[in-house]
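**Student:** Residue numbers (our numbering), protein chains in the order written: chain L, 26 to 160; chain V, 334 to 463.
Hints listed in this document are in silico derivations from the structure and should not be mistaken for laboratory results. If a hint is listed, it holds; no wrong ones were tucked in.
Only pairs whose alpha carbons sit at most 27 Å apart, straight line, appear in this in silico DSS-like list of lysine-lysine:
{"no.": "1", "chain 1": "L", "residue 1": "K94", "chain 2": "L", "residue 2": "K30"}
{"no.": "2", "chain 1": "L", "residue 1": "K136", "chain 2": "L", "residue 2": "K94"}
{"no.": "3", "chain 1": "L", "residue 1": "K136", "chain 2": "L", "residue 2": "K31"}
{"no.": "4", "chain 1": "V", "residue 1": "K454", "chain 2": "L", "residue 2": "K30"}
{"no.": "5", "chain 1": "L", "residue 1": "K136", "chain 2": "L", "residue 2": "K30"}
{"no.": "6", "chain 1": "L", "residue 1": "K31", "chain 2": "V", "residue 2": "K454"}
{"no.": "7", "chain 1": "V", "residue 1": "K431", "chain 2": "L", "residue 2": "K87"}
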Amino acid sequence: MSEIKKFMYINRRAPYGSIYALEGLEVVLIGAAFDQDCCMAFVGDGVFQLVRGQDSTQTGMKNFSPAYKALGDYDVNRLYVERESLAERGLSEDDLMELTWEDEDDDWAEKPSIRVVSREELARLMEEQDVLLNF
Amino acid sequence: MIFSIMVNEGPYTHQASDTAYHFAAAALAAGHEIYRVFFYHDGVNNGTRLTTPPQDDRNIVHRWSELAEKHGLDLVVCVAAAQRRGIVDDDEAKRNSKDADNIAPGFRISGLGQLIEAGIKSDRLMEFGD
Numbered sequence: 026m027s028e029i030k031k032f033m034y035i036n037r038r039a040p041y042g043s044i045y046a047l048e049g050l051e052v053v054l055i056g057a058a059f060d061q062d063c064c065m066a067f068v069g070d071g072v073f074q075l076v077r078g079q080d081s082t083q084t085g086m087k088n089f090s091p092a093y094k095a096l097g098d099y100d101v102n103r104l105y106v107e108r109e110s111l112a113e114r115g116l117s118e119d120d121l122m123e124l125t126w127e128d129e130d131d132d133w134a135e136k137p138s139i140r141v142v143s144r145e146e147l148a149r150l151m152e153e154q155d156v157l158l159n160f
Numbered sequence: 334m335i336f337s338i339m340v341n342e343g344p345y346t347h348q349a350s351d352t353a354y355h356f357a358a359a360a361l362a363a364g365h366e367i368y369r370v371f372f373y374h375d376g377v378n379n380g381t382r383l384t385t386p387p388q389d390d391r392n393i394v395h396r397w398s399e400l401a402e403k404h405g406l407d408l409v410v411c412v413a414a415a416q417r418r419g420i421v422d423d424d425e426a427k428r429n430s431k432d433a434d435n436i437a438p439g440f441r442i443s444g445l446g447q448l449i450e451a452g453i454k455s456d457r458l459m460e461f462g463d
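Excised from the complex, chain L in its bound form:
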């Protein structure tokens, strides 16, 4: 498969309370092996997936948030977070995990993976994609 398509994985739901976020992340990690051009978007309650200091102990569900830190190693290094969704939930970028990736074209410099973008900008990014997967 030489063809490279643009994949965007759109995360719309909170990390716990349903399995969509966890199973969505599983798709991203598998998809990363296919050498496609992929990015993720976090909108609505999906922004809660990236909140730092998650403790799911009392839900009985596994805290899978550390897995997001591995995304950079899988070359998934564009995580677009919708600014309006953060604001609507009383969150700011400071509430999110620090996620980074190493840029091999820039002497392996560590760079942030999270990019806070406006709703309008995200809509434009979605328009550019070949495949949108919603979770």
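Given the coordinates of chain L, assemble chain V onto it according to the supplied hints.
**Tutor:** Just chain V now, kept in the frame of chain L:
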């Protein structure tokens, strides 16, 4: 046009599987090709042959099996999602020491790579969910 279809919800609780089915049938009737139908999340529950809906209702699982037989559709149930929810074929039953399988005719169990590949090989990947 080449379509692939992703079904993310189980039968009956949500309309997703019905809508996906009608879309698939209409696309085929219009001469389009369906590269694959991929069942994920609770959508894997569309692949059990043990469902017994009331006789005066549609049989969602049979409907998929029949469409697959008629058109040679590739119905793929995600293995990881299926393991969580107890959708099992003969191989999976042996591998996980289960005493039975329940996969419906026309369905097969495979990995998430099949979904990504469907996205690459199709002109459109249509997602049906909640």
